[in-house]
Amino acid sequence: MSVILVFLLVIIGIAGWWLVQQGVMSKPWLEHGPRGALQDVEDPVIPTEKIGLAVFLAVVGALFALFASAYFMRMELPDWQALPILRLLWLNTGILVLSSVALQCAVIAARQGQMDTLRLALVTGGITALAFLAGQLVAWRQLSAEGNFLTANPANSFFYLLTGMHGLHILGGLLALTRTTIRAWSSASPERLRLGTELCAMYWHFLLFVWLALFVLLAGWAADFIEICRRVLT
Amino acid sequence: MVDITPGPVDAVPPAEVPEVELYHPHSWWTKYVFSQDAKVIAIQYSGTAMAIGLVALVLSWLMRLQLGFPGTFDFITPEAYYQFITMHGMIMVIYLLTALFLGGFGNYLIPLMVGARDMVFPYVNMLSYWIYLLAVLVLVASFFAPGGPTGAGWTLYPPQAILSGTPGGQDWGIILMLVSLILFIIGFTMGGLNYVVTVLQGRTRGMTLMRLPLTVWGIFTATVMALLAFPALFVACVMMLFDRVLGTSFFMPALVEMGEQLSYGGGSPILFQHLFWFFGHPEVYIVALPAFGIVSDLISTHARKNIFGYRMMVWAIVAIGALSFVVWAHHMYVSGMHPYFGFFFATTTLIIAIPTAIKVYNWVLTLWRGDIHLTIPMLFALAFIVTFVNGGLTGLFLGNVVVDVPLSDTMFVVAHFHMVMGVAPILVIFGAIYHWYPKITGRMLNEVMGQFHFWVTFVGAYAIFFPMHYVGLVGVPRRYPEIGDTAFIPDSVHDLNAFITIAALIVGFAQMVFLFNLFWSLKFGREAGGNPWRATTLEWQTSETPPAHGNFGKELPVVYRWAYDYNVPGANEDFLAQNDPGAAKAAQPA
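Protein chains in written order, with this note's numbering: chain S, 202 to 435; chain B, 947 to 1536.
Just chain B, same shape as in the assembly:
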């Protein structure tokens, strides 16, 4: 490859970028607890998210036990089952996936990857974590409140969400849920401002927008979307809180409950659905875009090949981000709408498949004739592509009104969104943890445990969710704690349900191996060195591993090239780091 534009104009400009004032901690508390260092905040975010994620995992076991072996467990009453599904969904979507991708990976990777010393507003960043923790604690508190947590379903549809028939509806459950969400959104906005403005303003010299690794592009775009979408949830939560606590009728129609006329009247539950899904659909991509970005980097690094169609990848990320705001009503086909609206939303939904498909093709073409190293991060990345395609294809079914109407509220939908938005992003999270753990701790994760974890998780996830598609197709509705003996449901469904439950238990236990590996490798893992994957991006070029406070040594790196210079013809090594001036440059007289 010709190294173009090496002229005197392009010599490193002598003027230094003005150093950002960096906050230096003075005590143990400000260093490890109330830390303003994005890397510490990232670990705090990730730890909290994984801890609350474990709660959600246990809840999913309980649900599966009930579905697989109905009537065996006395303590799982229908009310408890509703509470389990609600909390499982809410925790997974918001408190685990959103927090882990943006709060965890965003905090750790953005400053390192763009070549900054820290986030631009470190104090606000710290507050963001503590408010997130508060939100999680409020959520956990609802388990201990009288009446237990809310059982309204993760969509919290009114009017049932705040009526006495729903667990927690007239108790503390729904109030704590709404307060927790409001806190989460406030905390997230604080963090989100940091992620966005750091990408805008904190990039080091030479790091143009089009030299950003796709991971940063994914997290950046997802954060912008989240900043615009979460206000919709905020509005919905505040108005529902008013309805529940102060007795307004924003969402509540006139109702008779237990033979008694309630004081509500005239409100519109559909209004809530619009607000909720205006947040809810972008949320899918808020989780997916960081995954897309990370997986692009994993594939390129572990296949030792530049990413195919970098520009297309960036455009696709931005296009998906913009389009995802005009598809929300496809969640509301069965709520009833003007046929033209249905047509419009079905069309936009299917259009999103185009940029998404571009991304999938580009991943596959990056792999094509690459030097594929089947490391554990790569295994997870490959598993993601397969799973995302599988989950995405059923999305094409459900995007069409005529197909959606009979399938809506069946287990088919559950299987679809678990594949596309549950399993797929979580596979990326695992891949990313195996990939960046050496940078975070200085040690590799144990390979044998990693292989075990990967294969059980990957095969197990399919054992859980493939049969679930069939269960949904024969008509088993979702949200039912037990189906009983119904004429249209064959016996095979009961056997399948038991099978799914056993698979879910096994996959769940495999995650314990993963958690054990995280702690075990901290002490006994193989020393990783600074750049074990021989990757190009800036976080691997730090002088210390794990990166010290301030990320880079005395001087910030200068970026000379994009993030994907693998196997460049004529280069000495099979990769050129982003801050590597390159052979042509080195040959130049200084």
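Just chain S, same shape as in the assembly:
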């Protein structure tokens, strides 16, 4: 359970820092007036949607951290046989990076108001994400063609489960991306369009990060790394 505990420690750190910023040390019974000790309520700098997405990403992060915890605990049992790394996964990783880059371009374009670039970048981001999903499906096919079925070994089970979970999250993101893309063609307000693009990009970067973490985990490097750390420490 160490992965999730480290994750929680980070969350608690952020929450603690934020609470101190918000004046949990103030004495509200002495402070009257419309403002109180702090002026945080006026002009919220960060849009509500972004805060909402950030909270959601924390939940998704907890979910994958828990999967990783379960992975490490299951891994220590004797019937574990590590899975060979498919070459295709490298390609898929590259495609997902491209997708993230495309959406980052979209954000820049949206900020500068270049509609053509924005549309192009959004569509590229969507198509590359779809290509990533297709690539993951091909990876599943390749694995099962080699006889590495879901139930053959816990490492396989985890591979299908984790890639599937990640894929579902990408799929959900694609729904939001489709909406934003449609909005880029219809004459929506540029403000909302920019916000939508930024939200999509934020989600994409996060899922790219999750995928990289999962890749490291599934390829076994994470376990090697922890082993090295353990040796250094003892």
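Quick caveat, the hints were computed from the structure, so don't treat them as lab data. As the structure is a computational prediction, the values presented were derived from the model and not from experiment. Every clue listed holds true.
Capping the alpha-carbon separation at 25 Å, the derived lysine to any residue pairs in SDA-like fashion look like this:
{"no.": "1", "chain 1": "S", "residue 1": "Lys228", "chain 2": "B", "residue 2": "Trp1314"}
{"no.": "2", "chain 1": "B", "residue 1": "Lys1469", "chain 2": "B", "residue 2": "Ser1489"}
{"no.": "3", "chain 1": "S", "residue 1": "Lys251", "chain 2": "S", "residue 2": "Leu376"}
{"no.": "4", "chain 1": "S", "residue 1": "Lys251", "chain 2": "B", "residue 2": "Tyr1069"}
{"no.": "5", "chain 1": "S", "residue 1": "Lys228", "chain 2": "B", "residue 2": "Gly1255"}
Given chain S, work out where chain B should sit, using these hints.
Showing chain B alone in chain S's frame:
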């Protein structure tokens, strides 16, 4: 008291907070059924939770009938008994308590108390309810599925949960249970995002974090915890569903069943326990923290005194929230673990008693020399303090490994967690309903029925659970449909069991009086007016009762003070509402 900092700097800033776009319903359907108004969603959540809670109540009667009078009721087979305990536990913990505190009270109170027009994502909030309803329907469907609902115990421990020896294990029961939980978690996450982000972003001008009523603090912290803890249950459910449906071996060791080797192998049931309790222990506080918050407000309002140690109360809530994530393995002492781990988890468990005790002291010190009005909400709040202390003290017993090992899986544990996590939060729920019903409906609940309901519930709950501690101490194991004649169990236990059953039936029927009161007072209750308890928090200051769509009138209230200005020296009334500029302000030239 000196009203400090009245300067030109502090005059109300002219800039208006930008109005959030509010969704306005156009038809009856979008107004009352597919409503995006948090108040309607709250009532939908509460209604559904109470309806499914009634099912759990009936199940508890059936269990008690079996335990009190074993062999009398033919239809309660051991399998049926297991199904009853499983569904009773699951419904009570998740579908009733969690949904009612966060979905019900959270939805109703957060926007009103922080001075917002609605939740920040009303559409997602609506979806949250409908997915919750779907989860409940899937759960109910398992009663009608072939093989009936699962009988795995509310902890759903593998491997037994998905084997043929357990009711529903190889039928639909466990699958529907897992699917229902997964749906619940998805729905809850949608609602939870709203509760958290509304507190973060939706507060009105002047409502700093440290001016929030403790109710909001409790619900807010509990929601944050739930958002981080429910994923553990989600992971456990998904992996168990894989084991059951697709034949993986995440949790399933190699097994021989009925002389037949199963295809599972190598999995770890302990892994499931870690995941489950990583959710399961925070869940206790997910239910308790909103109760703590609500009870603080009830006590302060009905004792006409400011809450003692507001800052400490807030810190304690946050500390309990953080600590509750590092105690989960105290549920697994008997599963076996490294002695140092046992020591670690016993220590963290006992450390939690410190912030909890701070809260109890502060409640008592708030009451000290207060102007206590023994209204029905206050009675329930006082009953909560007593019950929570009683239940919490047995928790100190069970937190120690050496004491837990012999007491584990006895009725003592059942009595402990019913006191601390069953009776105590439910007393708060009742208190809160009596307190806020006038705001929700505009009418007071009937006092006579309320008194009857309170005394029967309070005394009855003790009649049920105090003897149960003794039954557990003499060694009666939990989860056994009947004990039979065992050498170490004295006859008194059988008499006590019958007594407990009769008390449980009576307490159950008292709840019918409560439900009747809810409907009766809707029509015949005394008109309440806007602020019958003369409370300070914003929900009582709305221009209309019940609050209209958009909660507040044309302008959102501006908050000038914290939520506990009762009996302020020099004030005209015995309370100053949070949006009351106060005497010093009014005297100032405009």
